[in-house]
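Residue numbers (my numbering), protein chains in the order written: chain A, 3 to 321; chain B, 378 to 792; chain C, 207 to 513.
Certain hints may be false.
[What the hints assert, rightly or not] In silico DSSO-like links for lysine-lysine, alpha-carbon gap of 30 Å or less:
(1) B:596 - B:749
(2) C:458 - B:430
(3) C:338 - A:316
Bear in mind the hints are in silico, worked out from the structure with no lab data behind them.
As a plain string of letters, each chain reads:
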Amino acid sequence: MTIQKTASPGTSRPVISRPATSRPAKSRRRGARYVTAPIVLSAVVVVLFALFFVWPGLLGLIYSFTDYRGVGKLDFIGLDNYAELLGDEDFYQALTRTVLYVVLYVPLCYAISLGIAVLLVNLHTKGKTLAKIIFFIPWLVSPIVTGVIWRWLFGESFGLVNFVIASVGGTAVPWSSNADLAMVVVIVASAWANTAFSMLLFIAAIKNVPTSYYEAASLDGANAWQRFRAITLPGIAPTSVMVVLLTTIGSMKEFSMVQALNGGGPGTENRLIVQYIYETGFQRAEVGYASAVSMVLMVVLLAIALIQLQFDKKAKSDF
Amino acid sequence: MNARTKLIALGAVTVLALTGCAAGAGSDETPTLQFVLSGDGTQGGGYQAMADKYKEETGVTVEIVDVPYDDLVTKLRNGAQAGDLPALARASDLDPIWSNSLLDLSDIAADQNVMDSLLVANDDDEILALPSDLTAVGLYINKSLFDEAGVTYPVSGDEPWTWDEYIAAIQTVQAKTGARYGMVMDGSAHRLRSMMYEFGSTGVEEQSDGTFEMNDDSKTALEYFKKISDDSIMPKSVWLSGEDPSALFKSGQVAAYYSGVWQITDFAENITDFEWQSVLLPAQTVRSTNLGTNWMVAFDGTGVEDETRDFINWLYEPDNYAELSEISGFLPAVEGLDITYQNSPESFALYNEEIAASDPIAADQATEALRKGYLGQKLEFEPLKDEVVKYLNGEQDIDTTVLNINEQTSEAYGE
Amino acid sequence: MTSSTQTRPSARPATSAAAEPTPPRVRLNRRNKRATRARRAVLPTLALWIPVLLFLFPLLWFLLSSFKPGGELFRYPLTFWPETFTLDGFAKAWERVDFARYFGNTLFVSTITTVLTVFFSASTGYALAKYKARWLNVLFICILATTMLPTEVILTPTFAVIRDLGLYNTLAGIIVPSVITATGIFMFRQFFITVPDELIEAARIDGVSELGIFFRIMLPLAKPIILTLAIFSFQWRWNDYIWPLIVLNDPKQYTIQVALRGLVGAENIDWTVLLPASVISIIPLAVIFVIFQKYVMSADLNSGLKD
């Protein structure tokens, strides 16, 4: 295990008796001194990353330039896969539909999980433990079961919601036959299943904000909302960035929930990008094509990540 | 615990884990045959029972590896890539990655009277896969609703009804009982094919020039299908959004369910609110169901080829095969057997009758797929289903649909 | 400021019970305090329990449906409360799925993986947060990139890697690839960003080694994150099915999700078995969650740095 290695670069650490005068000298040496430590600390992850991501990723990249079918030879076809996908209407439809889903879902999920986290950290709320369990369990349930639960609720023919609507005199709503309504159901079901994740991150982050700040603010006469905006939000900024980024990436890759709920329906109107990759690529044994689309998806996600991380830089410097 | 102690503990545990549980597999004298399949547990455990019986009789252990259906292909494929194929498997199709490593089972097929229409030999006259069991498409009705409406239906020994007569019947039932839908059909190309056969279609056929085409009767059938998918006779949500047709039927609000023999056990146990019954399929011009099967294959290069053959031969012996079929509710792929089913024997009898009376086209889909499998070709997806879904959803017209299906099938098999 | 940073708050000013009878003024104050606390509780409690009820409804349905017999599950109109309460489904599920074995397998693998994951995520996250280097920034982006390829895409190549490394059919084959997690590293990085640099400076001045700082100061500070990531990691490993399925040869070593997926038939699903089985399968995780969350919540109300 690499951690057994001692990190000390071997130079003696000067005993600084008068920090004030030595500070300038220290900062000049800082860059050189702390080279080994980060290497040691991240060594294992770097190795694993190389083995289990770079290597397979490169293979995938190579496949994307071939017409590989999962078996047999690799015939290089250059950029043909990419040309094909850029000309495929279905690809753009899948991509735009996915973006729509993400744009609607991420803010909703952020607001809900943050709101709930705040309430759960609040000292005065009653019944916190039970509430937390109730929020957490949906996250444990597998997509197949989640799918059937929400189908029962929003089933077009015999679902509970339509049943209630019909009993009070309305007409049954086409939850699965209308693409947009189907999307709403997917969003609601995803929020139900995934809030716990962000909620837990926020709880840990909020608890990390020193209470002395809050005490000071109350003494200054700030009310709850002002305290939230001025202390909590900036205090959890790094976590906020993380939650938004992870939720964005996660929802861009959404597949199993949609499959379980409505199979990407009606027809292919709600087919999101990963389902597109799956159906046009893997299901047809067109591994090369699927790899190409996946590479494009990764580039899109990288771009989103880089943009969102700009906010992280800001958060880092603000804190 | 301080950090150092934690680290040592971590290291120890990791080393233990990594070495302790490396490749298992005992090294006893009697070989173990690994048998990879899917769904034995959910179908009554027939294969496990057979494995236990075999062990009693011969002392050879057959290890049943029951994997999820969706992962069966992946499991076998990756096993092949790791050089770790099981002794035998019950696969849904032949996978090009291992279709060249199969044993010849033609002697077993001959000896044990395996159903002729499902035997496919390759160019060297070898039969590399035996049908493990049979499934067939069939029609169920909500008997309570039909009786309430006073509508009759054809049963064993009768002449089948035409599609027009059938649709008229269920519409009467709907009108008189207020049932929500007339029928539901599984969202599966397999079921749709049988409907097409019933209109005289011959499926997506290979033409002399190597391309694939459907005949005009196919087009008629598809148009008829769209006509009845009007959210009144039949809901669109099953085909378009994957709504569960079985659940819809079990709610008691649907007059008929176009599915297959595998529902019998489920219905026998889980439908308690109304009476259901298996009835004859409609036949517009041709009487035909659609057969389905899984393929029993034995792999070469496992070191236990002889023992594997012996087991398969034993499995297909009349007594054993009958017992297997009874426990798991399978239709037999072996001829001349008399099987007493525990659940709803009259339904099974009806299925056997339908199969016997069907046009030979019924075995076509299964055998064609196998034939292609021998050539290392495999249709991984269903152009028929994908295009019909778009057609039903109004995304394209019938001619485009037919064209796409023809083209995509030709392309997929064109390698 | 000392370098000892275990900021467990000193005991709160006494509200502990005294031995002698309490004077009337104190009793009155205490009653007022309780009243104020109760008043302050109303709004947040109400605000919390509305979403709780919304979340609870589908969950309750799921739980109650596992107690319904097959005939009632699909009846129309749908029932919420079971008309016939039955444990048959649970009995069938218990018989069909060898829960004890699968729980054992999954727990074993999950625990080892979680310990490794948490440890290496913490170390890498710390490196990314508190050290400056160009390659560290690149590493961070690279690690994020691991979340950007869908699993199916890298499934086959990753399997090839596992096989070529000789890890086929070993537990290491399913543990080692799962140790790296972008989420975990990201979590620690964001957390350590919030730790003031002065802390590290002071420690260095005191002569603590870099690794010493990490082990003795940073890790204890990060307890809430450790526990939160542990919960996540358990859940992820609990839900793994594809790697155990294709890397391991012996079906007796499969995990719980493989067994649950096996309940989904080729053409239909027996809900009367799947629903109870799902309920059973989430109990251990729920228990782990409750235990860990207690620690997270009780971990220093001022777990951040006080000054």
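Hint check: residue 338 of chain C vs residue 316 of chain A, CA-CA at most 30 Å. Holds or violated? Since the Cα atoms of residue 338 of chain C and residue 316 of chain A sit roughly 16 Å apart, the hinted pair holds (cutoff 30 Å).
With the threshold set at 30 Å, check whether the alpha-carbon distance from residue 596 of chain B to residue 749 of chain B stays at or below it. Since the Cα atoms of residue 596 of chain B and residue 749 of chain B sit roughly 25 Å apart, the hinted pair holds (cutoff 30 Å).
Starting from residue 458 of chain C, check that the Cα of residue 430 of chain B is at most 30 Å away, please. Roughly 21 Å between the alpha carbons, so the hint for residue 458 of chain C and residue 430 of chain B holds.
Going through the hint list in order, the structure satisfies each hint without exception.
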